[in-house]
Amino acid sequence: MDLSLNEDQRQVLDFIDSLARPFAGVPLHDVSLALESADLDAQLLENGFLDVMAVEELGPVTAALVVEKLARLPFAVEAAASSFVRPLIDAELPRPLCLVEEGRVTGPVRFLRPGATIVVVGPSGVRSFTADDSMIAPAQEDTLYAYPVAFLTALPDRMATHEADPAQVLRAWRVAIAAEMAGLLGAALAATVTYVSERKQFGRPLATFQAMRHRLAEDQVMTNSVYWLALRAAGTGDPGDAALALLHAQDAAKRVCYDYHQFLGGMGMTLEHPLHLWTYRLKLLTAELGGRGEQGLAAATALWG
Amino acid sequence: MQFEWTAEQDAFRHKIRDFLHANLPDDWEKFSEHGPASPALTAFAREFCVKLAEAGILFPHWPVEMGGEGLGPWEQQILSEEMWIAGEPRGGQYMNVNWIGPTLEKYGSAEQKARYLEPITRGESLWCQGFSEPDAGSDLASLRTRATLTDGNYVINGQKIWTSYAGLADTCFLLTRTSDDRKKGITIILVPMDTPGITVRQIPSLIGEGDIHEVFFDDVTVPETARFGAEGQAWEIVAYSLRNERLGIPRFTLARAALDRGVAMLQGQGRFTREHVRIEAARCAALCEAAGTANYAVVQKRVDGLAIGAESSSARYATVMAERAVCEFVVEFLPEALAGASPYLKMHHQRGIVAGVAAGAAEIQLNIIASDVLELPREPR
Numbered sequence: 001m002d003l004s005l006n007e008d009q010r011q012v013l014d015f016i017d018s019l020a021r022p023f024a025g026v027p028l029h030d031v032s033l034a035l036e037s038a039d040l041d042a043q044l045l046e047n048g049f050l051d052v053m054a055v056e057e058l059g060p061v062t063a064a065l066v067v068e069k070l071a072r073l074p075f076a077v078e079a080a081a082s083s084f085v086r087p088l089i090d091a092e093l094p095r096p097l098c099l100v101e102e103g104r105v106t107g108p109v110r111f112l113r114p115g116a117t118i119v120v121v122g123p124s125g126v127r128s129f130t131a132d133d134s135m136i137a138p139a140q141e142d143t144l145y146a147y148p149v150a151f152l153t154a155l156p157d158r159m160a161t162h163e164a165d166p167a168q169v170l171r172a173w174r175v176a177i178a179a180e181m182a183g184l185l186g187a188a189l190a191a192t193v194t195y196v197s198e199r200k201q202f203g204r205p206l207a208t209f210q211a212m213r214h215r216l217a218e219d220q221v222m223t224n225s226v227y228w229l230a231l232r233a234a235g236t237g238d239p240g241d242a243a244l245a246l247l248h249a250q251d252a253a254k255r256v257c258y259d260y261h262q263f264l265g266g267m268g269m270t271l272e273h274p275l276h277l278w279t280y281r282l283k284l285l286t287a288e289l290g291g292r293g294e295q296g297l298a299a300a301t302a303l304w305g
Numbered sequence: 001m002q003f004e005w006t007a008e009q010d011a012f013r014h015k016i017r018d019f020l021h022a023n024l025p026d027d028w029e030k031f032s033e034h035g036p037a038s039p040a041l042t043a044f045a046r047e048f049c050v051k052l053a054e055a056g057i058l059f060p061h062w063p064v065e066m067g068g069e070g071l072g073p074w075e076q077q078i079l080s081e082e083m084w085i086a087g088e089p090r091g092g093q094y095m096n097v098n099w100i101g102p103t104l105e106k107y108g109s110a111e112q113k114a115r116y117l118e119p120i121t122r123g124e125s126l127w128c129q130g131f132s133e134p135d136a137g138s139d140l141a142s143l144r145t146r147a148t149l150t151d152g153n154y155v156i157n158g159q160k161i162w163t164s165y166a167g168l169a170d171t172c173f174l175l176t177r178t179s180d181d182r183k184k185g186i187t188i189i190l191v192p193m194d195t196p197g198i199t200v201r202q203i204p205s206l207i208g209e210g211d212i213h214e215v216f217f218d219d220v221t222v223p224e225t226a227r228f229g230a231e232g233q234a235w236e237i238v239a240y241s242l243r244n245e246r247l248g249i250p251r252f253t254l255a256r257a258a259l260d261r262g263v264a265m266l267q268g269q270g271r272f273t274r275e276h277v278r279i280e281a282a283r284c285a286a287l288c289e290a291a292g293t294a295n296y297a298v299v300q301k302r303v304d305g306l307a308i309g310a311e312s313s314s315a316r317y318a319t320v321m322a323e324r325a326v327c328e329f330v331v332e333f334l335p336e337a338l339a340g341a342s343p344y345l346k347m348h349h350q351r352g353i354v355a356g357v358a359a360g361a362a363e364i365q366l367n368i369i370a371s372d373v374l375e376l377p378r379e380p381r
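Chains as they are written, first to last, in the UniProt record's numbering: chain A, 1 to 305; chain B, 1 to 381.
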């Protein structure tokens, strides 16, 4: 047992901090529902930050740390699937990677665009194809989610099949999303803490009212737990740990998304404050892989048969 | 970062399990229903801890200069986990090795160390913690039990309440007021419980016999040398010892063991098939494991030689959430467990419901997290 960051991990996180500094804030006057940056994406790729899992001295825990860190940015980056799932299937698959469950392809798909690789995971195995215009519903201008999303209108007749074990891909998928949610939870908490510490009502900061302090403290406890469970699931590679991590992340997200918009009051309804860039990513991820109930069932089977 | 135990740590855990297997009676589970503070378990612990001492696993985590093996925080954690899952056969003596011994070593006089450390290391002493008072629970600093220095003796008058182990303890780690300066007016006195003027009255409780008491001090007189640390130093010493105490009980491990036991009972009766039961069980497991990793992150700070701060309150609150969830799971899906069908689950329930109250109320932990982890501006006083 050793829960300290090692020197390699510290270095990777420091590198990402400096690389991501220009992307740490929301561009002035930008009131987008979702933010993306091709420049940030290219720099991450170029510096190998989405490929750390395969590097022996770095491995899956470092990959989880990277995904967690990147999720804290206001910009949505397709890091989770590329970091955790791509190495299990084919490290050369074109990005972005979009993960969909077999038999469940009607939901909004994150980062779906022409040229993206769609990975279909299910009882038939692990299959993939490259998306083109003919199979994508027009870009959803009216989405509330802080991810670029689109819908698949059809699956192609022929897909590439991969040798990867669908159960392993599913496990990695859960870890990846749990790590992403850990970062989103951390950033949303930090943004809310800053706001309620500065915003004054009744002559004092909102954060001095115990009604808010106790709920924020509970939110911190859950956020901290999600972080550790995600890292642990990455480290052990255990399917039960992965399901528990995502279950806990989805439980936490459900609770804090309500709390944080509530605490921001009117400001939480606007796009002037960037809170939605984290919470409306979290909201979509609460639906990932069937939501909390399905993670619960998967965890129960893994733990107790 | 490494989430697996080393081979040495696994071996250490197995050594403890083997010892427990060899030294706990066959009817132990039923027996442990008596609760850690009961006369029966206290008497058992007096023999059990002597054997633990002989086997070298009473305080292996203490530094070598204190007679330990200097094994470190992870081994202390493993030891605590195995004992707590087994129903804490050390009874109240767990406090001795977790925080009383180390606190004596750090703050005690030579005379106090000589007098009190050796019985602890032999597994023969039992302490109680005279902290809470009828009007000083969460607001501990408002305590009023007065100690007045007269002719080289402290004369103590006042009342403590909710004191665990008081009925059978040899010594009380007592907080007294020596001046009206709120936190700086509190002083620790080590009081032998057979000193004339002490009256102990047991309060019937939900959590088992012998656990909760009122203790009255009427002109209890002890020499000045019974003072622990300097006058007014209690708050600093207690903060030090409570940090150990908060980490001390790995309650999340018992919660997880109880959950597994409950699931096994349901499976045995073909009742672990419905989806909502399985999902709720998984939620409980997630909360137990969440509390575990949060606690381990705090242990890691100790391993790294860093000061433990407010994050221990966060880990503690995570534990309260896990305990609560498992207690509620058992009541909802195995109501018979608290009515005689499972001594183990009843034992867990009785210990689990204490989690949010003992060693500082859960809401106080939330205050600490708000101020010191989130660094929110403080509430006006």
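These aren't lab readings, by the way, just hints derived from the structure by calculation. Don't be surprised by glycine CBs; every beta carbon is placed ideally from N, CA and C. Wrong hints could be hidden among the right ones.
As the list claims (entries may be wrong) - One-sided and incomplete, this derived list gives chain A residues near chain B with beta-carbon spacing under 7 Å:
#1 1
#2 104
#3 216
#4 269
#5 271
#6 273
Said to hold, decoys possible - Under the rule of at most 20 Å between Cα atoms (straight-line distance), these lysine to aspartate or glutamate pairs were calculated in the EDC-like manner:
#7 A:254 to B:209
#8 B:184 to B:224
#9 A:200 to B:311
#10 B:301 to A:294
#11 B:113 to B:75
#12 B:346 to B:332
#13 B:301 to A:36
#14 B:51 to B:75
#15 A:200 to B:379
#16 B:346 to B:180
#17 B:301 to B:379
#18 B:346 to B:170
#19 B:113 to B:82
#20 B:301 to B:311
#21 B:30 to B:65
Evaluation of the provided hints:
| no. | hint | result |
| --- | --- | --- |
| 1 | 1 | holds, 6 Å |
| 2 | 104 | violated, 18 Å |
| 3 | 216 | holds, 6 Å |
| 4 | 269 | violated, 23 Å |
| 5 | 271 | violated, 25 Å |
| 6 | 273 | violated, 18 Å |
| 7 | A:254 to B:209 | violated, 41 Å |
| 8 | B:184 to B:224 | holds, 18 Å |
| 9 | A:200 to B:311 | violated, 27 Å |
| 10 | B:301 to A:294 | violated, 35 Å |
| 11 | B:113 to B:75 | violated, 24 Å |
| 12 | B:346 to B:332 | holds, 14 Å |
| 13 | B:301 to A:36 | violated, 37 Å |
| 14 | B:51 to B:75 | holds, 19 Å |
| 15 | A:200 to B:379 | holds, 13 Å |
| 16 | B:346 to B:180 | violated, 44 Å |
| 17 | B:301 to B:379 | violated, 29 Å |
| 18 | B:346 to B:170 | violated, 29 Å |
| 19 | B:113 to B:82 | violated, 28 Å |
| 20 | B:301 to B:311 | holds, 10 Å |
| 21 | B:30 to B:65 | violated, 39 Å |
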